[in-house]
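Please arrange chain B on chain A, whose structure you already have, making use of the hints.
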Amino acid sequence: MAAELTSTRLNAENHLLLVITTSRSLPLSLACPRSLDTNLIASFQDQPLLRLPHELARRNFKSVQRLVEREKEYVLPALKETANASLSNNQTADQALAALDAMISRMQGLKRKMENLHQEEKKIQDQSRKRIQHLERLHQIPSLADVKYDNWARVRLDRLIVDHMLRSGYTESAQQLAHEKGIEDLVDLNVFVQCQRIAESLRCGETKDALQWCGENKAALKKSQYNLEFELRLQQYIEMVRTGHKEKFVGAMVHAKRYLAPYIDTQSMEIHRAAGLLAFPPDTKAEPYKSMYALERWAYLSDLFVRTHHELLSLSSRPLLHIALSAGLSALKTPSCHSAYTSSSSNSLSTTTSVCPICSTELNELARNMPYAHHTKSYVENDPIVLPNGRIYGQQRLLEMSKKVGCVEAGKVKDPTTGEVFNESDMKKVYIM
Amino acid sequence: MELVQKEHDRLTRKITAAQGLKTVQSTIDLLQSARNAIAADPSQAAITLAKLQNPVKSSFDSINDSLKETHSGLNKYSKSLDKLFKDRPLPSTEHDVLSSQEHFINRAIAMHLLREGQFSVATNFLNEMANKKAMKKQREAGLSAKDSAASLSDLDEVPSGEVKEQFTTMYGILDQLQDKNNLLPAIQWSRDNKEALEARGSNLEFELCRLQFVWLFHGGQHQQGPSPGGRQAALEYARREFHSFLPRYLREVQQLLGAMAFCPNLQDSPYKGIFHNPSAWSDVAHSFTREFCSLLGLSADSPLYVAATAGAIALPTLLKLQTIMKAKRTEWTTENELPVEIPLPPSYLFHSIFVCPVSKEQTTDENPPMMMPCGHVIAEESLKRLCKGSRFKCPYCPNESHPREARKVFL
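Line order of the protein sequences matches chains A and B.
The first sequence begins at 1 in full-length UniProt numbering and counts up one residue at a time.
The second sequence begins at 1 in full-length UniProt numbering and counts up one residue at a time.
Only chain A is shown next, with the shape it has when bound in the complex (with noise of 0.2 Å):
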């Protein structure tokens, strides 16, 4: 068998993959209000696992420099001014103490603040920490056939499959997959609930929470390849159309002037076609108008959320654990995990090991469509004899699965696929290059 058909040799840097999305540095802008801030601190994702959490970490510390320097440009000021005037004897000690008390008070509120912020870049430096040392454990893991790795590699599916359920929506089942493995430091469930909000809202027609998000995040945004906000705005443009009332029209007349025209340089094409459409009825058959009114543009609007909103925080697109199975799924199939003749528990290993993961019920439909792996050497039992019905064994094994099945004469072999009992002298040996 050559060695490199099985290997066990563990390369920790290139089995990082499932950890992290992109390698493209992100010049996010950090400038987003506290009030997201705090939002997302809470909570991190499991796929960039270090990216995000440290993405998160900017945003505080920018914030935290924001105070600061709103607060000096308030105190340092009014502390000169304070003081000229008292010099100048322009102001009775009261005023001045007045004027300090008012400084004590906005450098206690920073304080608070700062204290604030700081227990929540202490919170993620802490999952931050947490992250590292769990892939830090994979790095001391000698092989692949380690028990070690195989825990790590639990681990990891627990938090490949919470970030499935995230993104599908099923936020209920991921908190209590994560809590209950606990690997809640491991995965960013906030992030995620924020997210399928949105998205959800968005599904049913109300673009509220996705404008808000936008104007949060909206020096990043500027980098974004998709038009967001402008999809949103022509949305609620489309929607005072939809009502066919004259009075909406001049309202949606002035919503397009407002929110639809900064974007003439890029977006022309869509402004005129907006500018159109109150030329339609909502029932029209004419095209494009006719799409513009569907309703499913909602559900182009959600994805496009979604999309964004990844693409934003460094995100796959697509699961992980998509990732993780399509390249699984072929590494492990075998032309013969969908045949007719020798597929799932009739498997000639079935006795000695367990079922093929393929063949098993869960995956075999999944796995229909995708290619086998390749290769070049062929892999049977030791000492391989065909019996007269075609099938080829082990012999050794063959002769004592017989001997323990008991219902087997002596000089007698039973096939464990068909069940057919032949004699022993009809078996007959097999080369197999």
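These are computed hints drawn from the structure, not numbers from a lab.
Zero decoy hints are in this set.
Below, simulated DSS-like cross-link-like pairs (lysine-lysine); rule was C-alpha separation at most 30 Å, straight line:
no.: 1; chain 1: B; residue 1: Lys-22; chain 2: A; residue 2: Lys-122
no.: 2; chain 1: B; residue 1: Lys-22; chain 2: A; residue 2: Lys-111
no.: 3; chain 1: A; residue 1: Lys-130; chain 2: B; residue 2: Lys-6
Quick caveat: nothing in here was measured; it's all calculated off a predicted structure.
Chain B alone, transformed into the frame defined by chain A:
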């Protein structure tokens, strides 16, 4: 990885030091003491305030300095991340067959949860799926009269209560076996499924009974080591239960009873392996799980786990392939087969694999392996190409044969 860890440690230290916060507090103290001074002696207000200017300014400067430090820490950390993750994009999403089959994935996940014993999560998951489906249906019904039957991959595909029940049973038995050393439920189960197990050539029942014998021998519940009472109980058990095993396991039963003679010094006897086997319980638990799952037509290890792990092992290779294909602008020519061999550990091979030594292709149902009278095996297509309808020489030995004499074999 070490670099990342180092940078992160450094960053954490800076953050925990919270220098900025301390400075803010000291600024507050400064202001407060100035306020107190002015309140105590209003005539000194001007001087106190003038004196306050520089300290407050410098404390803001020092807050900014500490922020700068944190910032540089953050930057260094992100650089170390960039370095670690350089050149590691994920495989492209071109061949995403799976997202169209999400219900199969969900089903696999639900099964995985059930077989891992995460019953409450599984129930929750199934409920959430049902809810989502119902909502989707509602919305589609509300939106348009579009026929949504196709998109509604129904819930009956998802593991039903029966599977759950089965796994509840399995975990119940395993629980007894592992935590309470109680083999009786497992033995009962193996008797109930005697026929199916025998057809598989499984030794489970005997293994369980043998362990029960050993357990009794060591004193049953008390486990204080071999004692006359324990020996007596074991012998009684053997007398009661073992005769049904005699035809098949005569040798093993003889061994067990022969060991009785070595009772005082079993440790040094040839029977040590049977009576002092530390992994006996976990071995038995493992083979019980395997047999239980096999009878359900499931593999013993969660397929989802095996597949995801194999995927993680395969990804680097596939990724490299992708890069090469992009660089050379070649296409993937074998549609049904991966273009590269993926090295997996031996435990990930579940089937015999036959690669035709002539064409170097794996045999399939359409192109099965054929055995010539000399006992050599090649693929059917290779055979046809070689013989051209008449007698031909085996490519591996001097033997000549007619293609009619070749027989289809199954691996």
